[in-house]
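Asks: So the protein sequences, as listed, match chains A and B. Just so we're aligned, residue 7 is where the first sequence starts under the numbering used here, counting upward by one. Just so we're aligned, residue 7 is where the second sequence starts under the numbering used here, counting upward by one.
Heads up, some of the hints might be wrong.
No copy is singled out in the list; a pair is fine if it fits within one copy or between any two copies.
To be verified - Here are the computed lysine to any residue pairs in the SDA-like style, where the Cα-Cα straight-line distance is at most 20 Å: (1) K81 - G57; (2) K241 - I225; (3) K159 - E21; (4) K159 - P17; (5) K241 - R205; (6) K222 - F183.
FYI, nobody ran anything at the bench for these hints, they're computed from the structure.
Protein chains: 2
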Amino acid sequence: MTRPIHVHLLPALFEPADLRGGVAVVIDVLRATSTIVHALAAGAQAVIPCGEIEEARRIASQAPAGTVLLGGERKGLRIPGFDLGNSPDEYTSHVVARKKIVMTTTNGTRALLRAREARRVLIGALSNESAVVEQLAAETGPVHLVCAGTDGKITLEDTLCGGGIAHWLDLAAADAFPADDATRLAMILFDSCGRDYDRVHEERVLATLRQSLGGKNLIECGLGADIVTCAEQDKFAVVPELFVHDWEIRAAR
Amino acid sequence: MTRPIHVHLLPALFEPADLRGGVAVVIDVLRATSTIVHALAAGAQAVIPCGEIEEARRIASQAPAGTVLLGGERKGLRIPGFDLGNSPDEYTSHVVARKKIVMTTTNGTRALLRAREARRVLIGALSNESAVVEQLAAETGPVHLVCAGTDGKITLEDTLCGGGIAHWLDLAAADAFPADDATRLAMILFDSCGRDYDRVHEERVLATLRQSLGGKNLIECGLGADIVTCAEQDKFAVVPELFVHDWEIRAAR
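Isolated chain A, as found in the complex (with noise of 0.2 Å):
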């Protein structure tokens, strides 16, 4: 039986009821969504999105004392008072190791919330590339990747990344899988990279990144490094997940 995958190349360019029945995957490479699969692979125990900053401070003020910390980024940066920024790199075991992580960022929160009503909400990033597409190849129904893009404008890496887990859900998948045009384009740019996993391969996937509007606004910032760690394919096996119910990311079992 063939299985619709849509790749949205906005959360703007569908309607949220369209996701109903269907398994959703946020992507926002550039970098919360890479930063949320550093953050669950190096033991934080859960991430929860908030899109306003003093939403974040609340929640985490509500908190028993050390079990929670402020992350998240305005413009690139770090947001005043806050413990992290949203470089992934931060994220590391010695910080965040059974913590919760109240993290705010424009782009991915509102992607999230634009993808509640999929059956079920999973973060892709090309660290967990492979991860999560052997969770949907486990899965039935429709295939939502949803590129949360930059201020309401298409980005190359999210873009990538979702044309990526098409490709490889595609080839996973006993028949071809009906695309539409938006998802065909998305696939013809990761073959733009190249298919295989090779050197040339991931030189194309850093070069697509550095040349995007979110590498060149982080090369901006001196924040350069970010691009090449984002930019890592299948570094972690962890695939987080969004439960709606709570409000928190956490591995998918």
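Following the hints, position chain B against chain A.
Replies: Chain B only, in chain A's frame:
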């Protein structure tokens, strides 16, 4: 001086006011803008685009007898009582020379309406790509390539045409232009067909159109021959332009 070029993958992905001072090119390869190029190349005096069938009938009924033809489609097919459908090959000089065509198409007209605040609104298709590039190269100010899409969905054929125009304009420019991520995505799609106008390029363009949503719909309607016509590149030197003050599309000077 660098000059911004934007491929907008859908009309909804920009604000009309963003186009002020710039030159817009509206692209609906399957089939509205391909048909408009064919109509003017065949000697039609003007095309009057309108969104509603009743509006088209009213405009036509107010014109002197024998000066106007009604053209357009709904769900791919000719509208009952209309003289012409939306197949470019119907618009021969024998039929349309010296006539005005009142044409109603959904996606193309919507895109034209949204682009109307630009300083100039040109009409592009694969069939007049080089002529459009020439017009744009002779102009100043930002360039906005507006992909019409289909019912709010991104389409491969419009993205491909936008990517091609951006590619050739980039080559013609003295400096590299700053491209946003959607524009790069469109250019990568164009690249995936091969950059040279050879047999391989032609075949890949045709294959891209055939596998697109719009292409598949046309094949289902028995209108697959239109895809071949719309895939032909640089057949005509005419650049249709929408003159917003009298809402007529005529050949640009």
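Asks: If a hint holds in the structure, say so; if it doesn't, say that too.
Replies: Quick rundown of the hints versus the structure:
no.: 1; hint: K81 - G57; result: within (14 Å within a copy, 41 Å between copies)
no.: 2; hint: K241 - I225; result: neither (23 Å within a copy, 44 Å between copies)
no.: 3; hint: K159 - E21; result: both (17 Å within a copy, 12 Å between copies)
no.: 4; hint: K159 - P17; result: both (10 Å within a copy, 13 Å between copies)
no.: 5; hint: K241 - R205; result: within (15 Å within a copy, 42 Å between copies)
no.: 6; hint: K222 - F183; result: between (34 Å within a copy, 15 Å between copies)
In summary, the structure is inconsistent with hint 2 from the numbered list given earlier, while agreeing with all the others.
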